[in-house]
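Letter by letter, the chains look like this.
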Amino acid sequence: MFSGPLVRVLAPSLFLLALSVAGLGLPSYWQYVLALSVSAAVIGSALAMLVGYARCITIATGAMLAIGAYSGTLAVLRFDVPFLAALLIASVFGAVAGFVLAVPGVRFRSHNMAMVTFVFQAVVIIVLRQSKSLTGGAEGLQVPVPHILGFSFSDDGHFLVLCGVLSALSILPLVLLLEGAFGKNLRAVASNENAARAFGINVNLHLVTAFVWSSAVIACAGAIMAPRFRIIDPDSYGILASIFALTYPIVGGMSSIWGGLMGGIVLRALPEVLRPVADYLELIFCVLVVLTILFFPQGFASMVPGFARRKAAKNVGAGEPTFPRNVIEDKNMIERLAAPATSPEPLGRPLLRITGVSKSYGALRAVADVSFDVPHHAIHGLMGPNGAGKTTLFNMVSGLTLHDQGEVFFDGMPLSTVPVEARIGLGMTRTFQHAAVFDKLTCLDNARIGIGRNGIWQSTIRSAQWALSLRQASAEYKAAMGALDAVGLAARAHALAGSLSLGDQRRLEIARAIISQPKVILLDEPVSGVSIDEAESLRLLLITINRELGTGIVIIEHNIGFLVSLCMRISVMSEGRVIADDDAKVVVNDAHVRRAYFGERETAA
Amino acid sequence: MISEFVMIVVGGLKMGAIYSLTAIGIVVIHKATRTVNFAHGAFVLCGAYVTYGVVEVLHIGYWAAFILASLAAGLLATVLEFGILRPIRQADSFAVITATIFIGIGLAEIYRLVENTEMLAVGGMIGGWPLFIGDAMITREQIAVVVGATIAATFGIAIFAYARFGRGMRAMASNPRGAVICGYSSDAMNALAWFVGGAMAGLAGAFAAPSTGVSAELSILMVTAGFAAAVIGGFDSLKGALLGGLILGVAETLAAGYVSSAMKNAVSFLLIFVVLLCRPQGLFPEAKIRNV
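These protein sequence lines are chains A and B, in that order.
Residue numbers for the first sequence follow our numbering, beginning at 15 and rising by one.
Residue numbers for the second sequence follow our numbering, beginning at 813 and rising by one.
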């Protein structure tokens, strides 16, 4: 990558500025059109956050524009607030409106969330139309010409420059957040909510924040443009305005902020270019969107080489993945690792103590009164036929599922009051039975999320640290590369996780789980669907992590050989209960276990 | 007073039965193909437009309008499913939802471009003197629409619940791969579900045409009402959609009669909001039997 982070953050703003200044050479009418386009670029960028990154369908854009336009105009008219201060007020109103919309909205996904935003849109317009004394009702409101320090922006050229400067400023925070850690976290949420939560991302808080930011910026854009319309009325901010704003990120492309930005510029200018066929405009837009979804699901920005950075990056490290070099190349280490595992010194209290944990789904007792301990630094196996309750138990330990009875103690601390997002901070990470990498992010970003600094403030601060190339950001980069190197994925650091093979995805999951150097890792079937060679290298890796970092490992696996060669102790579950819990060698020879497990396995296989 | 109330409720039941029919179409499509169809209002518009053509232009009776409106809307739905939605369903639900939003707007736009008028009026379904219950006046048309639309809705529910291809659609809904293995063609089943859903929307359009007229706004009006009714009923419950539509219709006319006409417009949004927040499974969720 030749461009530094700061350049990437500033580029969209500089582009808008340059566009506005270049527009000064145009005739007055086209300066007006260009101002519309530049403000649409702001709307498109704000929707890129919500629609492109967080994958929330919102049809409340018109309402947010209206809230910004009306609150800004009324601040100027009623309270003689200076124009720039009125823009700030409009943004604050937009942020509050975004919060009010998001708090009920994020309880839902897909069409129900769209319905909530639709309700919000409709109610805002009804309220604007009804409160005649304040808003002028359906007739609308006259907007005064903006003044800044006595200078009046009535000329189209002057207004274009004003619009360009203000738009460039208003998208800065958006670009910073989206290009930085916050944007990666949003993508993680969109691609797998459970995995995101297990790595400390508070899903709803991130979505609410995305709504608040994008609404504030949209409202600001509404307030900037209001003077240019001279009269604002509720109907111009109706449901159709919302739906056509949705076209910006969809047609432009959702893989980066550039899609929404360019989509806004081009699509807002389109009606003016297509004046002769103005009647067909809405139909043309609809056809354009459907064609885009059918034939260019990545949007048009992905077809321009400069914007397709992610795509190109995919091919950078497409070489053979290297296996953990330090393990493979060091023959001594292999011999050392191959030595039989000895039980380490037991500390006072166990790392993990599960006491009487139960979980029922209706009449089905998925986990029934399970108790066992995992000492510090141990590798503990968990086996049992499908449906025995192993994954449910993992979900309860990691907090994704609430247990009905019993308690899980982590290093002596009861976990039932600790939310799932906080458990990585205690030193607990996990992998998933169905590989749950964040497919739209690079391997590097997947590993970075594993570091666990994903609270809403932390991700905001991390975005700034990244943009300013601070030391913390480069430390994160090094840690992430180190973790990828440990699992042999360093060469594919910039490839999208979704493009990896299943075996590589499982290794990426392990890199993500070990990077925070947790006290315990929960591994759910790490070698299912993985080749024998890869399984062996994974086994060595796990032993290395356990020996060198002292990390405790609890591992669910059907591959008995793999389990016995790795674990000191194995618990066996069947029909929700623990039927054996002993040394690995003892357990596999236990008659109960053989009946419950091998018997069923043979018929199942 | 009471007679006024009765008249308001009957007027509400009339629109409500039309909403029910619309909502059931949405639910059938959602149950069978896991697709949330925001283009449904356009199917209603299609039905209403065909009704206009049959009744006002060709001067054939309403019986022909019912048949042709449901056929036309059903075919339109099938063509959309087969031509546009089937290829993108593999991608993700996000793409499908946005596609249906824009298809709905686009179809309404096509109508607006073809008929460049504010509104096309369609004559009444049944003439004759109104009936009186006490002082309350009830038109024959109101009775015909309530009874006719409710029968059509019940028929639609019965098809889904008992007919052979209804079983196929339900199988496809609960486990697409399993249904394919059992010999159901997924493309055919999806197309069939869209045909049934579209046909019910077309019927709703035929019932609605005399009272609402035909206009591009009918599309967005009906998709909003249909969704509100479906959400009230629990979105996956056919009987819930039927009751949800009737509740919505009555609530709207009560709000218009006793509060204000602005309140009438807000009622469906308020109902969606309250139901989603307080009872997201809907007022009449389908009983889920868990087989252990």
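Don't take each hint at face value.
[Stated by the list, open to error] Residues from chain A that keep clear of chain B, each with C-beta distances beyond 12 Å, as calculated:
1) Pro118
2) Gln144
3) Ala204
4) Leu288
5) Asp293
6) Glu296
7) Leu302
8) Thr415
[Said to hold, decoys possible] Sample of chain A residues with no beta-carbon within 12 Å of chain B, all distances over it, derived:
9) Gly39
10) Arg121
11) Arg123
12) Met127
13) Ala128
14) Val130
15) Val133
16) Val137
17) Leu186
18) Leu254
19) Met268
20) Pro311
21) Asn400
22) His448
23) Gly517
24) Ser579
[Unchecked claim] Here are the simulated EDC-like pairs of lysine to aspartate or glutamate, each with C-alpha atoms no more than 20 Å apart in a straight line:
25) A:Lys146 / A:Asp293
26) A:Lys454 / A:Asp249
27) A:Lys146 / A:Asp247
28) A:Lys454 / B:Asp904
29) B:Lys1076 / B:Glu1029
30) B:Lys1076 / A:Asp249
Please keep in mind that the hints were generated in silico from the structure rather than gathered at the bench.
Idealized CB from N, CA, C, for every residue including glycine.
Consistency of the hints with the structure:
Distance check on Pro118 of chain A: its Cβ comes as close as 6 Å (rounded) to a Cβ of chain B, failing to clear the 12 Å threshold; non-interface status is violated. Its beta-carbon lying about 6 Å from the closest one in chain B, Gln144 of chain A breaks the requirement of being farther than 12 Å from that chain. For Ala204 of chain A, the requirement that its beta carbon stay farther than 12 Å from each beta carbon of chain B is not met, with the minimum near 9 Å. For Leu288 of chain A, the shortest C-beta to C-beta distance to chain B comes to about 14 Å, beyond the 12 Å cut-off, and the non-interface label holds.
The beta carbon of Asp293 of chain A is not kept farther than 12 Å from every beta carbon of chain B, the shortest such distance being approximately 6 Å. Not every CB of chain B lies more than 12 Å from the CB of Glu296 of chain A, the least distance being 5 Å, so the non-interface label is violated. Against the 12 Å criterion, Leu302 of chain A falls within the reach of chain B, whose nearest CB is about 9 Å from its own CB. Annotated as non-interface, Thr415 of chain A keeps its C-beta farther than 12 Å from every C-beta of chain B; the closest such distance is 17 Å.
The Cβ of Gly39 of chain A lies farther than 12 Å from every Cβ of chain B, with a closest approach of about 36 Å, so its non-interface assignment holds. Look at Arg121 of chain A: its CB is around 8 Å from the nearest CB on chain B, not clear of 12 Å, so calling it non-interface is violated. In this structure Arg123 of chain A is not separated from chain B by more than 12 Å, as the shortest Cβ-Cβ distance comes to only about 9 Å. Remark: the non-interface label on Met127 of chain A conflicts with the geometry, its nearest Cβ contact in chain B lying 10 Å away (cut-off 12 Å).
At roughly 7 Å from the closest C-beta of chain B, the C-beta of Ala128 of chain A falls inside 12 Å, breaking its exclusion from the interface. Remark: the non-interface label on Val130 of chain A conflicts with the geometry, its nearest Cβ contact in chain B lying 6 Å away (cut-off 12 Å). A beta-carbon of chain B is positioned within 12 Å of the beta-carbon of Val133 of chain A; the least distance is around 4 Å. The Cβ of Val137 of chain A sits about 6 Å from the closest Cβ of chain B, inside the 12 Å cut-off, so the non-interface label is violated.
At roughly 28 Å from the closest C-beta of chain B, the C-beta of Leu186 of chain A stays outside 12 Å, upholding its exclusion from the interface. Listed as a non-interface residue, Leu254 of chain A fails to keep its Cβ farther than 12 Å from every Cβ of chain B; the least gap is roughly 7 Å. At the 12 Å boundary, the C-beta of Met268 of chain A falls inside the reach of chain B, the nearest C-beta of that chain being 9 Å off. Chain B draws Pro311 of chain A into its interface by the beta-carbon criterion, the shortest separation being 6 Å against a cut-off of 12 Å.
Distance check for Asn400 of chain A against chain B: the nearest CB is about 16 Å away, which clears 12 Å, and the non-interface claim stands. Interface exclusion of His448 of chain A from chain B stands, the closest Cβ pair being 16 Å apart, more than 12 Å. At roughly 24 Å, the least C-beta separation between Gly517 of chain A and chain B is larger than 12 Å, which holds for a residue marked as non-interface. With 12 Å as the threshold on Cβ separation, the claim that Ser579 of chain A sits away from chain B holds: the shortest Cβ distance comes to roughly 36 Å.
For the hint pairing Lys146 of chain A with Asp293 of chain A, the CA-to-CA distance comes to about 31 Å; that exceeds 20 Å, so the pair is violated. Simply put, Lys454 of chain A and Asp249 of chain A have alpha-carbon atoms about 38 Å apart, too far for the 20 Å limit, and the pair is violated. As the CA atoms of Lys146 of chain A and Asp247 of chain A are separated by approximately 11 Å, the hinted pair is consistent with the 20 Å bound. At most 20 Å may separate the alpha-carbon atoms for a hinted pair to count; Lys454 of chain A and Asp904 of chain B meet this at roughly 14 Å.
Proposed proximity of Lys1076 of chain B and Glu1029 of chain B is supported: the alpha carbons are some 16 Å apart, at most 20 Å. Restraint check for Lys1076 of chain B and Asp249 of chain A: satisfied, since their Cα atoms lie roughly 18 Å apart, inside the 20 Å limit.
Violated hints, in rising order: 1, 2, 3, 5, 6, 7, 10, 11, 12, 13, 14, 15, 16, 18, 19, 20, 25, 26; the structure is consistent with all others.
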